[in-house]
Every structure is written in structure tokens, then in C-alpha cells.
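Each chain, letter by letter, is given below.
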Amino acid sequence: DPCMAVPAIVVHGGCGLLPHDLSIRERYQRGAEKAARAGWEILTRSAAESSGSTALEAVEAAVRILEDDPKFNAGRGSSLTKDGRVEMDAAIMDGRNLKAGAVSSVSTVANPVTLARRVMEQTDYVMLVASGAERFAADAGIPVTSQEEFITDMARSKLDAALRNTGTDHDTVGAVAVDKDGNVAGATSTGGLTGKLRGRVADSPLVGSGLYADNAVGASSATGHGESIMKLTLSRLALWLVEDGRSPQEATEEVVGLMGRRVDGLGGLILIDKSGRMGINTSTECITWASFNQSDGLRSGLQNPIHSGERSCMM
Amino acid sequence: LAKPYSCSDAMAACVVVHGGAWAIPDTLVVANVTGVQEAADKAWTVLSANGSALSAVEAAIRCLEDNPSFNAGTGAVLNEAGKVEMDAILMNGKDLKCGAVACVSGVPNPVTLARLVMEKTDHVMMVGSGAERLWDEAGFQRISNESLVTEAAKEEFQQFKKFHNTVDNLFKSQSADEMSTGSLGHETVGAVAVDNDGNVACGTSTGGITGKRVGRVGDVPIIGAGGYCDNAVGAASTTGYGESILKVTLARKALWLIEHGKSPKEAAQTALEEMHEKVGGCGGIIIVKPDGCTGIHFTTKRMPWAVCSQHGRKHGIEPEDLHQ
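As you go down the protein sequences, you meet chains F and V in turn. The numbering of the first sequence is our numbering, which starts it at 1 and goes up by one. The numbering of the second sequence is our numbering, which starts it at 1001 and goes up by one.
With the rest of the complex left out, here is chain V (with noise of 0.2 Å):
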């Protein structure tokens, strides 16, 4: 293998958050960059407490889901039936070990309930009402469906609904055009972090796509596609065409060619300019390395995305902020 690449300026703890890359109207570009910051310090308090790369990612991931500006947990977009439909994945690079959930509601926060099916069982994923169950294991409450969807999935489902006859399109949802420009519909939220011990961990949580078949699993919770994580390596999260992220296994992808001697930058960019050339679609990623070096990339609109470290924070959202 390559020699790697080393950050000439390594940091010890980092955290990176995103909050999805997609086509971002200018009325949501507020309450995205507070959003993604506001998470990256939770996380961040997390870290400089000598907390674990887990913990942190999984509270930055938490403080997404309540929020309602994004597409998890609260805020999550509404499957076929009209209803909140959720996936998340969270993994631990020491060990390897993860946890993932696909289609499962009545819960405001998927991505503790994946850390459930990781610590309280011995499976990595588990979907529907048998993951739920861990959460009344554990002594959580269940919410409403209700008390998760928001006034504008409602709308966008109105919309949906609208454009889309579900008649003519019994099989197939929004036009792949659409989902793969990244033009129609919100995202996924991510984040992925580097512990003061240096262990590595990364998490991905969604509602999927408006309208969606009810049952249908896009990359979130797939392991190698939504995330990936690998002390050895570095921690991946990743965002966009759901169908297509899954088929080219990106996060995964992107690790490996960090493996190969690629910057996290760099290993970001190729691995979105590959999925496009091969299956079309477009998306984002963000990489942090056990070295504290962080790579992030994407090829929508937009993309919010904000890290702390002890240099201090940087936050983006324009293509042109990737430039700092």
C-alpha cells in the first residue's frame, strides 16, 4: 500500500458534522449552518471531557434528529403512507462494532436506538418494530408519529403527492433525475470524530425520501455505504442518492483509498466523482482521520457542514467554503 498521507498540521480530538448535501433553498441556509454548528459543540463538549469518539458522534447526531430543520427524527420526511420512516447507523473504529436501524418509528432518536442494537445485543442491524422493541427494553419512552413530522414534510409530501400519481408510479417513487441531482427533497445528517485516545467513530441518521415505498432501505444503514470507520484508517459519513451511495459501498470506498495513500480530501472527491461516473448521482462525504486530519467533499448545491477542534471551529455550506 501507499505511504499514507499525514495532515501536516495534526490535531488531536476533531469532530466534523454535515446536514446533508442537497440542493439547499436560500431561506434554510440559517437554520443549517446554526444547525450543524450547534451540533459540533455538543460533540465537542463531549471530547474536550475526554468523552469517546462514540458519545460524541452520537450527540452531535442526537441534537440533529431534534432538530426540526433536518431530515431526521423530528423534521424527518414522510414515507408513501404519510408517515415518519427512519434509518441510522453508528460505529465504533476500535473494535469495528456498529449498530444500524432501518425503517423504524415511534422513536425520537434512531441513532441511540442503532447504539441500542450495537451494545445490547449481538446483531449489527435490525429493522422495524423488532429494533424498536430494544428501546422499551431500555426503559425509553416512545413518542407519536405525530410529535416527529413537521409543517413542511407535511408540505413536501403535498407536493409529492402533487407531481407524482401514485397510480402511474406504483413502483417507482421521485425520478431518479431528481433524487440524483440532489434537487428534490431534504437529506441525511452525519458526523463522524476523533476521541483524545484516538478512536474513531461515525454515525448517519434519516428519514429517507419523501413519498418513499414504505420499507425501502436507502445506504444510511448499510453498513460500508452510510458509514464506515476503522481506527486503522479513519471514519466516513456519508450523504446523497441513497441508491447510489449503496452501489459503489462509499464510505467504505473512500477509507480504502485513504488506505492507498489519497488526503481525506482527496479521498472524498474521487470517491463522489467515481460514484458519479458509474451510477450517476451526486452527494457528500466527510472523513476524519485517527490523526485528527479532516477531508470533506461534495457535489450538490449545498451541503452544511461544521468541525471543532482545539484550533477552533470553521463551518460551511457554499461549495467556495471548502476552500479554508
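Extracted from the complex, chain F is given alone in its bound form (with noise of 0.2 Å):
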């Protein structure tokens, strides 16, 4: 059945408004691309070269390329706090034991979601915050800078813009990924929302909701209005449809409608079950994505790819 294809993998750059400039969608879609393609690499690799599980080491390696690329809002390029500072979440979690590891508002390491797999797979926790995390960064011997080195023009223009309300944001980067094995994983990064007040946390770095995976089931990650996706656990949630029955793409499209409909906020989420079917959904007028599976090779885009109507061999 050329739907059921392992190994996959779907990486979303964020959501938001479409940009008017055709360059910069360009843009947005190689580096998605670029993204998805890394994941599918390590995804491929021969037996001999992996052990464990290559849909963590996929995911990762995708989100850290979105973090490096200033273009998007995680790592280099994270959106400014109120007062123009830096502050990243991200988290990963492992579908095959539901181990997870969580960072926020940290502002000197330049892969979050590196330090996030440190602090699953280092320590007996899941989440660190603030100094904490970052002194954890020192400890694990992971290198830290000072967050001048993430802050690009972009982002403080945009800061102006939002600040005089008249920005646009796209925000948080994403992947899930199910290996030649069926083990499942995600992976968040964020530089959050564009002028939020110091310390705020929204939902990337949150297990349930902006990401979950599990093995017997698939892997998700969500996009959009933090605080609504938190309402609604919202990665959790469209798992637990999936559990009950619904297509990936059936799924992801229920909980965005129910994001709009039950706390008016918008956003997307990215969906891969455990047998390589995905979803991909949004409310808002754009989501980046790339994805990669044998049957389809690469594809991207900057919308809606399908709606669960249509037959795909991808949903």
C-alpha cells in the first residue's frame, strides 16, 4: 500500500500571514525544504550507520536547521521580547518510552533544541528554565554566547512593527518523523511571540501541547496562537483522535477547527502516525512545510496541501 510508507518525516516552518514579497516565500519554502531533507537523510541511512532511534535524530537535526537559519523564528532569527532581549523555547520528545526534554527562556545557546535533547537524555527531568538552563548548558559542556548573535535586523524591525501594532509574525518551527522502525518523534523551537513580556512561556516547549509523540500512536507539532493551543492541549488532543479513529489529516483539521470555534485562536498543527500518514493543517493563511517519504519524494508549500476530502496518498 504505497500509503502506508516508512520512513517519513514533515517539518513546518511556522504559520502566519502569507508574505506579500514572492522572494522571501521562496525563501521560507527551500529552507522547509533544506529542513526536510536533512531529516530524511538520517532517516535513510543504512542499518550499519544508526542505532536507536533515527526519527529523534531526524527531527532534531531538522529544527536545528529552521534555528539556524535567521529567517525563522527560532535560534538565530527568534522573534525580540518586549524589550528587545532573546528568549527560546524548544522541546523533543521520544515516542518510544514518551521520554521528553524542555527548555524556555534561555538566551545564550544557539540550538535549543540540542540543549532540549540534553536535558532528556542527561538528567532525570524534563523542563528547565532560565539560568537554570542555561547554567545546565555550561555544566553539559554545550557552548554559550551571547544573544546578540541571534538577534537579526529582522527581528527588531519587526519588534517596531509589533510594538506599533502593525507587524506581521510568523513563528515556531517544527518536525515529526517516524523511522524505518516505526519509532516516533518530535521536536519544537521558538524565539516566541514578537514583543511578549519577559518570561512568558507559551506552548513549544510544553509536552501535550506543542508537541507529543508516542510510539503507538504517531507525532505531532503545532504552530500558531501559544495560548490557545495550551487551552486545548492541542497536540495531545489531535493524538488522541487519531487514537480513536481519525485520519492524521482528519485530525489535525479537527482540532484547528476546534481551536477557532472554542478560544478564537489560530494556528496549525503538523501530524505522522506511526505508519508514515500525515496531516497538515491550518487556520491561518500560510504554513510552511516540507515533507519527505518514499512514495512522494520532497514536497512543499506554503498553504494547505489537502483537505481530508480529497485522496492523497500523503493523508
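Mixed in with the good hints there might be a few duds.
Claimed, not checked - Each computed BS3-like pair below joins lysine-lysine, with the alpha-carbon atoms no more than 27 Å apart:
no., chain 1, residue 1, chain 2, residue 2
1, V, Lys1278, V, Lys1265
2, F, Lys82, V, Lys1120
3, F, Lys180, F, Lys34
4, F, Lys99, V, Lys1278
5, V, Lys1314, F, Lys99
6, V, Lys1162, V, Lys1301
7, F, Lys180, V, Lys1278
8, V, Lys1278, F, Lys274
9, V, Lys1161, V, Lys1083
10, V, Lys1097, F, Lys82
Calculated directly from the structure, the hints in this document are not laboratory data.
Please assemble the complex out of the two chains, which come individually in their own frames, going by the hints.
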């Protein structure tokens, strides 16, 4: 059955308004493709080269690429807080054992998703925040740098625009994957909302809200209005719907619709089930996405790729 | 979805309070039971005056935070730096509005700070000094870290330092086993309520775990884990091994089971059993539904709880007490 395709990966570079500038749209799409390709490369490594969960490796690698790319609101290029600082959040989850790692309000680490992974693998904890998280980074031998490294001109002008109420905001990056062995994993990373209050934490680093992964079902990653996602524990909810029998695409559309109706929030979700079926949906104009599997190869786009009513190999 | 379980003895307003699920020693039993009863009474005063479930839950938790016998507010356990660092959550079932704070210090009532996040900002969760600033803006008094520290907390911290060499355990805190079975350390406090208008609310508050790394956040302030509520289903507050609760979004899970037809008691039990099965760890859950039906269960040695409704008061701490 060509629809049952593992390994597979879906990444997103955030949702929001569709940029006017065509070259900007192009750059977002190419950026997402690069991340998906990096994940795919890991997922298709030979057995000799990989052990453990390549899904976990793949989502970390994909998100790192998006963090390093200053166009996306994660790592370098993160949105700025109200007082012009960078405060980043990230999380990663391993569907094999429900282990997870999360960091919030970190300012001096280039790749928050990697720091989150270290929390997961080197401590008994799930989540570390602020200076505690940065101290851990130092203890763990992860290079720390001054936050100026991550502040881009684009982020600064977005802050100006937001403070004057004139801006648009893309947000959060994420990836979900299933590997050859049926292991699933998910990861998210963000600089948060432009102009947010210091110390504000939204959905991205929160297990159940920004992401969730469980080998028994699949993995999901959310983007959009953080507080709305949190109020519905969106990622967890979507996977329960899949458990209840919805297809990934149906589940994704249902929770996005619910978010609009129940809490008047806009946003999107990507989801992959343990069989490699995918779901991608947003209630915003735009969601930057890219996917890779055997049957369809690399696909990407800036808007909802498909609705569950239409037949597709992917969904 | 399956037809929802309905309580045969439907009551109107109701509050359930818990003081944490763990291996409570005999010497602390009386203080724990008295404490939760007092908190439930405070909440009941609010409810019987037609107050909101949200205010009732806040009142109950404030009472437990002010009570030095519990690991919340005054009496909170100490982190690795010997300081108090608290987390709390408060949620409203009517509109799913929520406020949560993590790693805050210098405030006597983190649950009230959580309410400020919910009502004074557009955000749901705030950490550290960013959150504390709201306390100042509301015109409340800060307090010193020392005023929250009790002798018991200091002693527990000394014990922790004696048996856990911080150099060897640079990254790890208590052994997962100890935390997992609730055999070491105090716990969280929480409350759930339904008011005369049928609105539900939940809240949870904690000082975390003794000797935790600075900045460690457990389940309490994470929506869906430490607490969750929705007028369409009910309200839940959890307690137990934080990392496990987080991994299974325990509060949301319990309510999901109710949506699928389980009674509150069955939902609490099933959710805890599944958690133990999937990720290890013990804990407790309290639930109330909009029709006043309650569910209480725990898998640790003890958990103090109290219920107030128009039918009177109930309380317990031993597993046998759950059969009331």
C-alpha cells in the first residue's frame, strides 16, 4: 500500500500571514525543504550507520537547520521580547518511551532543541527554564554565546512593527518523523511572540501542547497562537483523535477547527502517524511546510496542501 | 463518544482538595488531614456565598500555601541552592482561561500570582522574575525567601545533601525510583470545584522537589499535566512524580477518559494505572464534574483529601478511606 510509507518526515517553519514578497516566500519554502532533506538523509541511513531512534535524530537535525536559518523564528532570528531580548523555547520528545526534554527562556544557546535533548538524556528532568537551563548548558559543555548573535535586523524591525501594532508574525518551527523501525519523535523550537513580556512561555516547550510523540500512535507539532494551543493541549488532543480512528489529516483539521471555535485562536498542526500517514493544516493564511517519504519524495508548500475530503497518498 | 457517566447523587456546588500524594509519615497525618479540611472549608465558604469555582479553588490553595505543613508557599521544599522556587496553575472551565507560573520566589501565594497572569495579561504561563513583576504591579507585598523556609524544609534539604553527592550527581537529582514511588519528599497541593452556576475550576501549587536543579519545572504549571478543566467535562488536579505526570499529560488524560464514558473515580484510577505502566511513577488525582460528581484516587501510600458539598464534609488520607 503506497500510503503506508515509513520512514517519513514532516517539518514546518511556522504559520501566519502569507508574505507579500515572492522571494521571501521562496526562501521560507526552500528553508523548510532543506530541513526535511536533512531529516530524510538520517532516516534513510543504512542500519550499519544508525542505532536507536533515527526519528529522534532526524527531528533534531531538521529543527537545528531551522534554528540556524535566520529567516525562521527560532534560534538565530528569534522574535524579540518587549525589551528587545531573545528568549527561546524548545522541546523534543521520544515516542519510544515518552521521554521528553524542554527548555524555556534561554538566551545564550545557538540550538535550543539540542539543549532540550540533553535535558532529556542527561537528567531525570523534563524541563529546565531560564538561568537554570543556561547553567545546565554550561555544565553539559554546550557552547554559550552572547544573545546578540541571535538578534537579526529583521527581528528588530518586527518588534518595532509589533510595538506599533503594524506587524505580521511567523512563529515556531517543528518536525515530526517516523523511522524504519516505527519509532516516532517530535521537536519544536521558537523565539516566541514578538514583543512578548519577559518570562512568557507558550506552547512550544510544553509536552502535550507544542508537541507530543508516542510510538503507539504518532507524533505532532503545533504552531500558531500559543495560548490557544495550550488551552486545548492541541498536540495531545490530535493524537487522541487518531487513536479514536481519525486519519492524521482529519485529526489535524478537527483540532485546528476546534481551536478557532472554542478559544478563537488561529494556528496549525503537523502530524505523522506510526504508519507514515501525514496531516498538515492551518487556519492562518500560510504554513511553511515540507515533507519527505519514499512514495512522494520531497514535497513543500506555503498553504494547506490538501483537505481530508480529497484522496491523497500522503494523507 | 460513549454516553457520559452520570452521578446518581448529583449535587450542586462542591469542592475537593488534596494535600499531595506521597509516603506521608505517621507523625504528619493529623496536620495533613486538618490542613485539607481547613482548606476545603475556606472554599466552601466562597461557594455557599455564590462565589465562583475559580475563587473557591484559589481560596483553598492559598490556605494550603499559607500552611507550613505542605510543600507549597510557606513550607515549600528547597532547591539545590537552598532556596524556595515555586510553581502553580489555576484554570477556569468556562472559557479555558488559565494562568500558570514557574520558578517564582518572594511571593507568599503563587496561585494568586497565577491568577494575575490569567487576568492581567494575554498570556497563560510566565516564569521567574517576569512573573514576579506582576505581583508588584498588582500592589502586593513581596516577602523574603526566608519567610517561606521552614525548619522541616531545611532539615529535608540537609538529608538530601548528605545522601546525594552533588558532584557525582551533577545532572541527576533524587533517584528516579525514590521520586517514582513517592518515598522521598513532600508533594503538591491542589483543588477542584464546581459552583452554583455549574462552572468548574482547578488549581495546583508546589515548591517542587528537594534539591532540584535551579530552573527545574515539573508538571504543576504545565497545562494538561498538573491540572486541567473544561465546563463540558470536569476539573482535575494531579499530584505525584512530576516528570511522569508531564509525559502522559495526566490531568487532561483523566478528563479524556470521562469524555469516553468513565466515572470520575474510574478515570482517576485508569489514568494513574496507565501512567505507571507506561512511564513508571505513582501519584494521585482529584476530579469534579459539572454535576457535582467527584472522583479521588491515589497510588502512593497516602494522600490527604477533603470534600465539601451541601451533603456535608468528607475527608481521608489512607487508601481505605477512599471507600467512603
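Fill in: Given pair status - Lys99(F), Lys1314(V), alpha carbons within 27 Å
38 Å, violated
27 Å limit on alpha-carbon distance, applied to hinted pair Lys1162(V) and Lys1301(V): 25 Å, holds
Distance restraint between Lys1278(V) and Lys1265(V), which requires alpha-carbon spacing of 27 Å or less: 20 Å, holds
Item to complete: For the pair we were handed, Lys1161(V) and Lys1083(V), check the Cα-Cα distance against 27 Å.
Response: 14 Å, holds
CA of Lys180(F) to CA of Lys1278(V), is that 27 Å or under? 23 Å, holds
Would the hint linking Lys180(F) and Lys34(F) be met if the CA-CA limit is 27 Å? 21 Å, holds
Between the alpha carbons of Lys1278(V) and Lys274(F), is the straight-line distance 27 Å or under? 18 Å, holds
Pair hint outcome, Lys82(F) versus Lys1120(V) [Cα-Cα no greater than 27 Å] = 16 Å, holds
Checking one constraint from the list: CA of Lys99(F) to CA of Lys1278(V), max 27 Å. Satisfied? 10 Å, holds
(Q) For a C-alpha distance cap of 27 Å, please report whether Lys1097(V) and Lys82(F) respect it. (A) Holds: Lys1097(V) and Lys82(F) sit about 23 Å apart, inside 27 Å.
In summary, the structure is inconsistent with hint 5 from the numbered list given earlier, while agreeing with all the others.
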